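Engineer: Heads up: the protein sequence lines correspond to chains A and B, in order.
Mapping of the first sequence onto UniProt numbering: residues 1 to 206, in sequence order.
Mapping of the second sequence onto UniProt numbering: residues 1 to 206, in sequence order.
Just so you know, the hints here were simulated from the structure itself, not pulled from any lab data.
You may find that some hints are simply not true.
Since the list can't tell identical chains apart, any single copy or any two copies may satisfy a pair.
Unchecked claim - Below 25 angstroms or equal to it, Euclidean Cα-Cα: the simulated PhoX-like pairs (lysine-lysine) are:
(1) K102 <-> K6
(2) K10 <-> K56
(3) K159 <-> K131
(4) K102 <-> K35
Being a predicted model, the structure only gives us computed values, none of them experimental.
There are 2 protein chains.
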Amino acid sequence: MEFSSKLLEKAVQEVAQLPGIGKRTALRLVLYLLKQPAEQTLFLTDALQNMRNNIKFCTSCHTISDFDVCEICNNTSRNHKTICVVEDVRDVMAIENTQQYKGIYHVLGGKISPIDGIGPSQLTITSLVNKVKNDGIEEVIFALSSTMEGDTTNFYIYKQLKDLDVKTSTIARGISVGDELEYADEVTLGRSIVYRIPFENSLKNS
Amino acid sequence: MEFSSKLLEKAVQEVAQLPGIGKRTALRLVLYLLKQPAEQTLFLTDALQNMRNNIKFCTSCHTISDFDVCEICNNTSRNHKTICVVEDVRDVMAIENTQQYKGIYHVLGGKISPIDGIGPSQLTITSLVNKVKNDGIEEVIFALSSTMEGDTTNFYIYKQLKDLDVKTSTIARGISVGDELEYADEVTLGRSIVYRIPFENSLKNS
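Extracted from the complex, chain A is given alone in its bound form (with noise of 0.2 angstroms):
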């Protein structure tokens, strides 16, 4: 691409660095911006600025937060001794939105994958052994991806925890709700059939 304009040059290269934004994405995006207020650009750069220097990481958790800890992890009502091992903020956000949770969460930052160079102590595995070990922690949920990278991670974990006094979990695999059967893989419902749980508990949550 030949730009008329250095400045316009800069700015799309700059936008085309964020994933799955290609250079024509790019240029759209920054056109856009152009055409708007000037304001609307204040309020975009100062946000993602403030956010970027301000944001805070919760002290027991790990996720991501306003406060050194966060208000998950400061709500009194919830069972502190139940914690669900996730990925990212993202997944908390979506097992909060299901309102079925009512424990503590643990996001390990990631999950192993050597082709991205992330080893097991980029992730806050230890933080979650020593709470483990320290807190009178009764179960532990792990609610990762099913993925290799997943499973991988869930299994150096578990390898980790299995000798300490804490029982473990993993969040049910199986057909998703309103999908046909015939349309799942056959892993997913070999797994639902071995693992059918008594039908009166299926209407429960409904």
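Assemble the complex: chain A is given as a structure, and chain B must be docked to it using the hints.
Structural biologist: Same frame as chain A, but now just chain B:
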């Protein structure tokens, strides 16, 4: 979406204002910036602010430029008697990439689109008509989108130019190079037969 942080929420809201970026994508982009060094966010916001505050529009052709008169309008080796009328700077870049055009441009800044609240007065049409009247322009080439809005804009400008002493033309519509005939729409195919060109001409610039 329930956010664990107001700073995060505000950043996501601002990014989601961009066209084609939903809340989920915005969250993904913002979390990406959080994982990168703080400088990346700084470079991004600086480039956007710098662009928004300092960019200029060429006083002659209205394209985006770092100078009062853009490099194309300032280039004396180009033909200043031929003007190619386009919607925005992306079209200038696309045509410049072909290296087939040696005239100058006129950027309208959009197309007439009552649905989006864009009327002729928001475009640089008066400036174009004045240029044709006063600068001894010999040909105006319309290179607008082949859509209803593009055709409307084209016709609106044509009406204002038709009594002036200037040749008007429009870029050829036809089958794209590399396209299979059977997949072409019938209007395009029909026009490409009506406006066929001598075979020898098609051998040029190929």
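Engineer: How would you classify K159 and K131 at a CA-CA limit of 25 angstroms: within, between, both, or neither?
Structural biologist: within (16 angstroms within a copy, 77 angstroms between copies)
Engineer: Is it within, between, both, or neither for K10 and K56, if the alpha carbons may be no more than 25 angstroms apart?
Structural biologist: This pair counts as between: shortest inter-copy Cα distance 15 angstroms, intra-copy 30 angstroms.
Engineer: Can you give me the call for K102 and K6, within, between, both or neither, at a CA distance of at most 25 angstroms?
Structural biologist: between (53 angstroms within a copy, 22 angstroms between copies)
Engineer: Please sort K102 with K35 into within, between, both or neither, judging by C-alpha distance up to 25 angstroms.
Structural biologist: neither (46 angstroms within a copy, 28 angstroms between copies)
Violation of the numbered hints given earlier is confined to hint 4; every other hint is satisfied by the structure.
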